[in-house]
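Residue strings, one per chain:
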Amino acid sequence: MTRSSMPSILQITTFGVLLFMALPNLLILVISFNSAATLAFPPTGLSLKWYANVFSTPSFAVGIKQSLLLAATSCAVSMVLGVLASLAIVRFRFFGRQAANVFVMAPLFVPEIVMGIAMLLWANTVLFISNTAVLVVLHCLIVLPYVVRLVVANLQGMDPNLESAAMLLGARPHQAFLHVTLPLLGKGLLGAAVFAIVMSFHNFTATMFLVGNSPTLPVAAYQYIRTENDPTVAALSTLTMLGGILAVYLMEKWIGLERLVR
Amino acid sequence: MRQRLVPYLLVVPSFILIVTLLMGLSSVLGWSLDDGTGSGATFAQYESLVTNASYRRFFTSSLWLAGVATAVALVLGFPAAYYMETKASPRQRKLIFAALLAMFLSDYVLKMFGLVLILGRTGLVNKLLLWLGVTDEPFRLMFNEFGVLVGLISGILPYMILSLNGVIARLDKRLQEAAALLGAAPWQVFLLITVPLCVPGILAGTMLSFLLSLNSFVTPMLLGGGRVDMIAVFIFDQSINLGNLPLGSAAAGILFLISAAAILALTVAGDRFHRRFQR
Numbered sequence: 001m002t003r004s005s006m007p008s009i010l011q012i013t014t015f016g017v018l019l020f021m022a023l024p025n026l027l028i029l030v031i032s033f034n035s036a037a038t039l040a041f042p043p044t045g046l047s048l049k050w051y052a053n054v055f056s057t058p059s060f061a062v063g064i065k066q067s068l069l070l071a072a073t074s075c076a077v078s079m080v081l082g083v084l085a086s087l088a089i090v091r092f093r094f095f096g097r098q099a100a101n102v103f104v105m106a107p108l109f110v111p112e113i114v115m116g117i118a119m120l121l122w123a124n125t126v127l128f129i130s131n132t133a134v135l136v137v138l139h140c141l142i143v144l145p146y147v148v149r150l151v152v153a154n155l156q157g158m159d160p161n162l163e164s165a166a167m168l169l170g171a172r173p174h175q176a177f178l179h180v181t182l183p184l185l186g187k188g189l190l191g192a193a194v195f196a197i198v199m200s201f202h203n204f205t206a207t208m209f210l211v212g213n214s215p216t217l218p219v220a221a222y223q224y225i226r227t228e229n230d231p232t233v234a235a236l237s238t239l240t241m242l243g244g245i246l247a248v249y250l251m252e253k254w255i256g257l258e259r260l261v262r
Numbered sequence: 001m002r003q004r005l006v007p008y009l010l011v012v013p014s015f016i017l018i019v020t021l022l023m024g025l026s027s028v029l030g031w032s033l034d035d036g037t038g039s040g041a042t043f044a045q046y047e048s049l050v051t052n053a054s055y056r057r058f059f060t061s062s063l064w065l066a067g068v069a070t071a072v073a074l075v076l077g078f079p080a081a082y083y084m085e086t087k088a089s090p091r092q093r094k095l096i097f098a099a100l101l102a103m104f105l106s107d108y109v110l111k112m113f114g115l116v117l118i119l120g121r122t123g124l125v126n127k128l129l130l131w132l133g134v135t136d137e138p139f140r141l142m143f144n145e146f147g148v149l150v151g152l153i154s155g156i157l158p159y160m161i162l163s164l165n166g167v168i169a170r171l172d173k174r175l176q177e178a179a180a181l182l183g184a185a186p187w188q189v190f191l192l193i194t195v196p197l198c199v200p201g202i203l204a205g206t207m208l209s210f211l212l213s214l215n216s217f218v219t220p221m222l223l224g225g226g227r228v229d230m231i232a233v234f235i236f237d238q239s240i241n242l243g244n245l246p247l248g249s250a251a252a253g254i255l256f257l258i259s260a261a262a263i264l265a266l267t268v269a270g271d272r273f274h275r276r277f278q279r
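So the protein lines, in turn, are chains A and B.
Each residue of the first sequence is one higher than the one before, counting from 1 in my numbering.
Each residue of the second sequence is one higher than the one before, counting from 1 in my numbering.
Note that these hints are calculated values from the structure, not bench results.
Incorrect hints may have been included.
The following label-pair restraints were derived from C-beta to C-beta distances [to be verified]: (1) LYS187/A / ILE16/B: 27 to 37 Å; (2) ALA72/A / ASN244/B: 28 to 38 Å; (3) PHE55/A / VAL50/B: 42 to 52 Å.
We treat Cβ as the ideally placed atom computed from N, Cα and C, and that holds for glycine.
Looking at chain A on its own, in the form it has when it is part of the complex (with noise of 0.2 Å):
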């Protein structure tokens, strides 16, 4: 008896706790089309002006060029650091390699709001550095341990002889690791990159500490929200939820999802 009502009720939770989940999302997109300029319910016609309102709302363009800007460069600086480092735990045996491990993933333990004001007080010590500068620092803290996890994880899973055997053939370690380790990380390494690009464009606590008078875009979101009641900021999150589509279609094509939270 038991045995056939106990997964209805699972079903049930389950359905429900996903919906709790998906509705804010969904509900967004509905009044991004509204054409009345409320955020109340129901919806009174369809109008697409908000999403022109996006791009022409001063703080968001500021905000997208600023956030597009910091995820890129802090992806590439924490992709250089992170494959350099992740090579080094995985392929050599040397004095310290766990604790070098346990180091870079050191962010991870600090609340983000600590980490925050930290690198605000750093800031203030160094001199000459602008806020673009600091935050792109920021933002390579709070991704790379995520990139060295995940590279890690990648090199784990390639078989080493191939480099040897590169190796044994003549190649001197930079020609083995160009040819032969970088294109088989390939994949993964996209992978990675899109988690970190998707973590930095996100991020709003610690941002919120460092940005000055050039949000980023989801302060710049947050800023709007607070004052402003229009369903342009509603235009604006469908817009970076196909962003988010397209970011989990990229992982799960070049890394697999499974891969990425296991």
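Following the hints, put chain B in place on chain A, whose structure we already have.
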């Protein structure tokens, strides 16, 4: 000799990056001990955070809200993760997984904005209740603790479920079947076999969710309307808006200690569990 230096050279760039964080953290410590003269050190800031009831409230209220949110997320997330791993068809499973990941990667600020659309005075829930005639007055569903809790739970659920489904996928079904064969009722199997086997995932998900909730800034601001006290808001207000860096730094120091203690406690609990069950 040169060969042995290679791994160190490879990690140096990352080290330099992490060192900036350590420098920042030591500045936080320095500011929190600042006594205004620039030469001496004082614990006055920490003392006032502990003794002053209006400051202390930010900590107790955050801990309480984070604890409740984590507990609810665990209760809601477990069945979802369980269904996903044991009952769903491979196709369904993949779909749920992609949806979870999309949620995990979606923008936190915008998610909270979506909840404002649901919980606000003219939001979905109130419109629905008014239309159904359940009430004549819109309910107050946000700008209070309830709104903040809903926001926190919605934010941490993806993390909780993604932490749980790993352990659930590795469950040894034969143990549950054996218990059932030996006469255990389904709820006994669940409480005595399934849950204990999932402890590592439960600990990981609980820790992650608790720390994320404790750190939350957007949720108390947008769904609490500044009326619900949480540590992150306090730290930001003190250090940025009010320019009281010593007090803000001391609060950040305490938050750091609380997080470290939580991580340590759950790691120890995890180790104990491993020693007991995985020999």
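request  = Check each numbered hint from earlier against the structure, then list the numbers of those it violates in ascending order.
outcome  = Violated hints: none; all satisfied.
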